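Undergrad: In order, the protein sequences belong to chains A and B. So the first sequence is numbered by my numbering: it starts at 200 and just counts up by one. So the second sequence is numbered by my numbering: it starts at 23 and just counts up by one.
Careful, some of the hints might be misleading.
Chain B stretches covered by chain A per the calculated footprint, using a threshold of three residues with CB under 8 Å from any CB of chain A [as the list claims (entries may be wrong)]: (1) 24–34; (2) 38–44; (3) 52–59.
Distance condition first, Cα-Cα at most 25 Å in a straight line; then the derived SDA-like pairs of lysine to any residue [claimed, not checked]: (4) A:LYS324 - B:PRO59; (5) A:LYS674 - B:ASP56; (6) A:LYS843 - A:VAL803.
Now the in silico label distances, taken between C-beta atoms and shown as ranges [stated by the list, open to error]: (7) A:GLN960 - B:LEU35: 31 to 41 Å; (8) B:SER60 - A:GLY673: 44 to 54 Å; (9) B:LEU35 - A:LEU983: 32 to 42 Å; (10) A:PRO516 - B:SER33: 54 to 64 Å; (11) A:PHE369 - B:TYR57: 50 to 60 Å; (12) B:PRO59 - A:ALA565: 17 to 27 Å; (13) B:TYR57 - A:TYR632: 49 to 59 Å; (14) A:SER976 - B:LEU35: 32 to 42 Å; (15) A:PHE369 - B:SER60: 15 to 25 Å; (16) B:TYR57 - A:GLY208: 44 to 54 Å; (17) B:PRO59 - A:TYR617: 42 to 52 Å.
In short, the hints are calculated from the structure, not lab data. Source: prediction; values computed, not measured. We treat Cβ as the ideally placed atom computed from N, Cα and C, and that holds for glycine.
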Amino acid sequence: MQQNCYHCGTSCDNSIQVEDKFFCCAGCKMVFQLLDDNGMCNYYDLSEMPGMSSKGIFTSEKYNYLDSIAVQEQLIQFKLADQAHVVFYLPQIHCVSCVWLLENLHKINPGIIHAQTHFERKEIKIVYNPSKISLKELVQLLAFVGYEPMIHLWGNDWLKKKKVNKKQLFKIGVAGFCFSNIMMLSFPDYLSTSVGDLGSLRPFFVYLNLLLSIPVLLFSASGFFISAYTGLRQKWLNIDAPIALAILVTFGRSVYEIFTHTGSGYLDSMSGIVFFMLVGRWFQDKSYDSFSFDRDYTSFFPLGVTVLKEGKEINKPLSEIEKGAILLIRNNEMITADAILLTDGALIDYSFVTGENAPIEVVKGAKVFAGGIQKGPAIEVEVLKPVGQSYITELWNSPLLNAEKNVDKSFVHPWSQYFTYVLFSIAIGSGLYWWWVNPSNIMTAITSVLIVACPCSLLLTVTFTYGNVLRHLGKYKMYCKNSSVLEAIEKIDTIVFDKTGTLTNHEDTHLVYEGNLLPKLIASIIYSVTRASLHPLSQLITNYYSTQGLDMIKVENIQNITGKGTLANCEGKSIVIGSASLLMDHGIKVIDPSAGVFIAIDKVYMGMFKINHVYRTGIHEMIKRLKINGYQIHLLSGDHPTEKNNLVHIMGADTPMLFEQNPNDKLHYIQYLQSKGHKVMMVGDGLNDAGALKKCDVGIAVTDQTHLFTPASDAILEGGMIPSLDHLLKYAKKGKTIIIILFILSILYNLVGMYFATRAQLSPMVAAILMPISSISIVSLSALLSYIFSNRVGLKN
Amino acid sequence: MSVFIILIIISVLVAGGFLIAFLWSVQTGQMDDDYTPSVRMLFDDELKKSIKK
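From just these sequences and the hints, can you work out the full model?
TA: Below, the structure is given as structure tokens:
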């Protein structure tokens, strides 16, 4: 009967059972029992089937490197004799139950004093007693309950990031405080003509205002001055330059008016502008904390490896591996350097590097490459090159990648330049006019123009609109690195797709059987044989048959030949299941010996299982729509061209398709397209696309589980949303439309202000009304328009 | 009218108190995580009951 695992929700049969609960594997059952023993079953009450499926055998040796003091020193933030603080990144955190379990770890092991999770950043801060539980045991416990930490020796980079955010909040807080108080103190002034003078109190109000505006000018607005100054030093007028000028002019004129007792200045408008613009920047910059967009190969590699020396296993950090060292690679561990294989039984999955689907059998003495993952028993390899010089890592040192991505300056900047020129001409024009009519008004008119026409509404438009668009895209599972990605998407005319993992689904492989029809008895035999094996391919075959209601048959003489297959006897028949070479070793003729699992009964070849990845649904329509929208589509695959016919059907016959592309080929292809003047977007996953993703104008990394590692990219897209890629791109491009609409609106506001300013009649009251009205209407319109557009481009699913 | 001066000084001081409270909350990291606390506060009591039964 079909059941769902009580722990992780994977569908399973009822062979593993505790009380009335079923489990898919021994791992899930063990986690359940651990939680049950500690009275922590609340974990299962908070969300249904919250657990992580813990398939495979948990190897505790993997974390041996955590015993090294040097590693500990880098990871532990703070240490006393009986207390140590450590922060881990746990990408598996996904629900309320996770938070609950992790924060109650002290019930399982009293050595843990306190644990605090940060849900959005997927981090946990653990305070533990190092005399009761070692760092290694702590990590093992986390991994056991399903939250294996991603350990990286980041140094203190992430701490710095936090501090920057804090300073931004400080600035907003100070500006908000000063702005609201200045506004309140200026209020009597707005009404002074009708209600009567404040008389002797006036200087007190005015000087208090001045005092309050100083922190805004010196602290809150400092970012604008610094940015404008660095821009000017590079002989480039950025958007912050006119803003900095407006702030300075407003402050200067206000000080002049206050000390000459000719007025009370525009300090309220000035602090208001600064406050709103800071909020806008903060809104735009709110990033996706749990994602990292700048990973290099080291993020993919384990931190430590097991080195064999004189028969002993020693754990060493990755960086200390030298040529000639002998590494022990266990099941599901990654080969960290190009090496020579010393033992038998290597079955290496290079899907990470090449995109090739099936694991490759490697014979003793052959070369294995960094990035491959061993599937099967532990193997020993002798390192040929240090980690940094391996084939895959050399990609990162390629001079093609070291060049800065040609980030075009935002389209907003030229606008702000025109804006500045127009602004200056109007200021000078009105100055000339007053020089002719009434010279006493010259300075008033010029400064009023500069005050009123501050491009702050332009900046507000841009920051809030991009912030809104980024948020809406995030809702649809596309997470952009920052707002300049949106502007880069705008210019894209060519989209290059990767096949494996991008157009196909990594998780969803299915087997296709080719060959003679197998009678039910034979199928039962194969099912029984593969069930007994832990090999990933056997497990696929088991899954293939598990839904067909086959009986288990007693199998005799099971003989596993590592890395090749299985021999067995059953019901008087001899069965060979395994690679083509295994069958040929037994003198069986194989038709079309390629990758796959071959079956022979009584020395007669029956057929083979091929692994096919399933194409995501809706790809064909999406490609079609992209082509209608004028994009050129290309396909780069690391895989063999066997799928070509299928792909022609999906991608259309006019799509250039290249197969057997290694990471370097992909990178060069992107460069070739760029050299022809195309703006290229690469959609891919895995390390094999990493170079291309980095080189192209917009790199989109596809992942089926956002907690898995993705290569360095500009945006991360959840695999399920690929069929909506065209809608997402369309929406990302709408940002510019919204900005243009709002910019026209802000120019209208400016014209009204100009009308008063050029006539030298800008009263503080007009400025104080105009400023918040324009800011608030722009902010709310920006939110409204981005919402409306997100519905209109067909993103609603 | 001069009572205004005292009132305004008081009002600015009160507002300043809130500003300091805000800066303090940022500094001590209370703004770092705006989601988990909302989940966490729902746990404790309910949990102990469910263990007992």
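Undergrad: Now look at each hint and say whether the structure bears it out.
TA: Do the hints match the structure? See the list:
1. 24–34: holds (count 6)
2. 38–44: It holds: at least three residues are needed, and the stretch 38–44 of chain B offers 4 whose Cβ sits within less than 8 Å of chain A.
3. 52–59: holds (count 6)
4. A:LYS324 - B:PRO59: 14 Å, holds
5. A:LYS674 - B:ASP56: 18 Å, holds
6. A:LYS843 - A:VAL803: The given pair, whose Cα atoms are some 31 Å apart, is violated under the 25 Å limit.
7. A:GLN960 - B:LEU35: 31 to 41 Å: 37 Å, holds
8. B:SER60 - A:GLY673: 44 to 54 Å: 19 Å, violated
9. B:LEU35 - A:LEU983: 32 to 42 Å: Hint holds: Cβ distance 39 Å, inside 32 to 42 Å.
10. A:PRO516 - B:SER33: 54 to 64 Å: 60 Å, holds
11. A:PHE369 - B:TYR57: 50 to 60 Å: The hint (50 to 60 Å, Cβ to Cβ) is violated, given that PHE369 (chain A) and TYR57 (chain B) are roughly 22 Å apart.
12. B:PRO59 - A:ALA565: 17 to 27 Å: Check failed, 55 Å falls outside 17 to 27 Å.
13. B:TYR57 - A:TYR632: 49 to 59 Å: Check passed, 57 Å falls within 49 to 59 Å.
14. A:SER976 - B:LEU35: 32 to 42 Å: With a Cβ separation near 34 Å, SER976 (chain A) and LEU35 (chain B) satisfy 32 to 42 Å, so the hint holds.
15. A:PHE369 - B:SER60: 15 to 25 Å: 24 Å, holds
16. B:TYR57 - A:GLY208: 44 to 54 Å: Distance hint for TYR57 (chain B), GLY208 (chain A) is violated at roughly 23 Å.
17. B:PRO59 - A:TYR617: 42 to 52 Å: 47 Å Cβ-Cβ, so the 42 to 52 Å window holds.
Checked against the numbered hints listed earlier, the structure breaks hints 6, 8, 11, 12 and 16; every other hint is satisfied.
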